[in-house]
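Residue-level listing of the chains:
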Amino acid sequence: MNIAIVPCSGIGKTYGSVTREAAYIVVEELRPGSTGIVSLSRLVLGEEEARSVVRAMPVITLDGCKLACASVNVQQAGGTVARDFTVLDCYRRHRACKPKGIAQLNEGGMALADALAREVSEAVDTLQRTPNLPDLNLDPATQEASEELAGVRQMGGLDHA
Amino acid sequence: MPSLPQRKVGIVACSGEELPEGTVTRLAALKVLEELRPADTVTICLPLFLAGGEGDRAFAKFYPTIAVDGCDRRCAARATELYSNKPAASILLDDVLAEQGLPRPQGLRRLTPDSLPAVDALAAAIASQVDHLTSSHWSRTEGALLEAEPAASPAVSTASCACGSGIPVTNVDVDGQQVRLMALDAIFDLAYGQGLRANGQLPASLLETVRLYNPVPAGQEAAYARAVQLAWHAYCAGQEASHG
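Residue numbers (our numbering), protein chains in the order written: chain A, 1 to 161; chain B, 1 to 244.
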């Protein structure tokens, strides 16, 4: 895993469910191995392990509303948001996919999650071409090394949305 | 006089996406919210504690909350306490599984069929806590459960915040502009209960409390203070009239 995916984690609205579903599609089906989910709850709590992960690698955030909880929390944890996606923007590009449901998304919601996941996967591929990406599975970085790597990436200028 | 609805309980689920247990907490919370106790519960979004959700932070200061965690990191309970108030109840999935003799849940995106009883058991445990809290007296001053006694009859709220937190909002006039202030009547309730009265200048502590829950734009502090003072006078006059 060298790219972290952080969905908004909202549980009360349809768009939050779409972000979560899209994140699962990316890490389980489309880009397994290179991506992993970091739970927002751990970042909210300020857990050091989660904070070090988002500091050590580029993060793709998926937000369900304009409050942008995922992006805000990642930034507050000291992470680099390499790309941020919002469900509303994706929905504007896929008007036929009207999401409904929370615990269980309807067909439109699942289709929208799939569309969002494909957009995220393309962003993953772009980021993979960035040199010096760390891989936590192969080389578990210490916090100090992680910060060094983050510095290298920032100097390299990642593709910011 | 509008006041905060007294029987709502907030549910904060950890919702951790990395673990099956997080999925169980999320689905159990939704089951309580949508099926078991829809009239008595609201969700509080954990990430909003940090991302600017004044409504969510304010809710847990005023109302009892139930933190539901999937692992012993207890992100929901600890973050709620860190940013808002100590949860009135904290439920750990492990405890429920042990009590019911249920297996650990499996599956992230989709729980396995064997894991679904864990959702039902956790939802039942949450609902039981909701029943306990709605039948007990919650001190908004102390932010804690008092002795178990029948709660007062539900009060009427004139409006609720659009954030979905259930916090009532009050419209006030700030230099000719209608501005919505959150939890104003609840703050006045507390202040009045603590003996503050509208005899002279607006107490500084009252304005500070209002500002905890409502952003005041730079340069408009005096205008907001005047608006709050007017509202405070009206509130006190209403209290005195109703109590003779």
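Bear in mind the hints are in silico, worked out from the structure with no lab data behind them.
There may be inaccurate statements among the hints.
As the list claims (entries may be wrong) - Taking lysine to any residue pairs in the SDA-like style, the calculated list, with each CA pair at most 25 Å apart, reads:
id : chain 1 : residue 1 : chain 2 : residue 2
1  : A       : Lys66     : B       : Pro217
2  : A       : Lys100    : B       : Leu36
3  : A       : Lys66     : B       : Leu36
4  : A       : Lys66     : B       : Arg37
5  : A       : Lys100    : B       : Arg74
6  : A       : Lys100    : B       : Arg110
7  : A       : Lys13     : B       : Gln178
8  : B       : Lys86     : A       : Glu48
9  : A       : Lys66     : B       : Ser242
10 : A       : Lys100    : B       : Tyr83
11 : A       : Lys13     : B       : Arg211
12 : A       : Lys13     : A       : Gln128
13 : A       : Lys13     : B       : Pro38
14 : B       : Lys61     : B       : Ala227
15 : A       : Lys13     : B       : Ala227
16 : B       : Lys61     : A       : Gly12
17 : A       : Lys100    : B       : Arg211
18 : A       : Lys66     : B       : Lys86
19 : B       : Lys61     : A       : Leu67
20 : B       : Lys86     : B       : Ala39
21 : B       : Lys86     : B       : Leu102
22 : B       : Lys31     : A       : Cys65
23 : A       : Lys100    : B       : Pro20
24 : A       : Lys66     : B       : Ala89
25 : B       : Lys31     : A       : Ala103
26 : A       : Lys98     : B       : Arg211
27 : A       : Lys13     : B       : Ala121
28 : A       : Lys13     : B       : Arg37
29 : A       : Lys66     : B       : Gly107
30 : A       : Lys13     : B       : Val216
31 : A       : Lys66     : B       : Arg211
32 : A       : Lys100    : B       : Leu108
33 : A       : Lys66     : B       : Gln178
34 : A       : Lys13     : B       : Pro217
35 : B       : Lys31     : A       : Glu48
Non-conforming hints, listed in increasing numerical order: Result: hints 3, 4, 5, 7, 9, 10, 11, 12, 15, 17, 18, 21, 24, 26, 29, 30, 34, 35 break, sorted rising.
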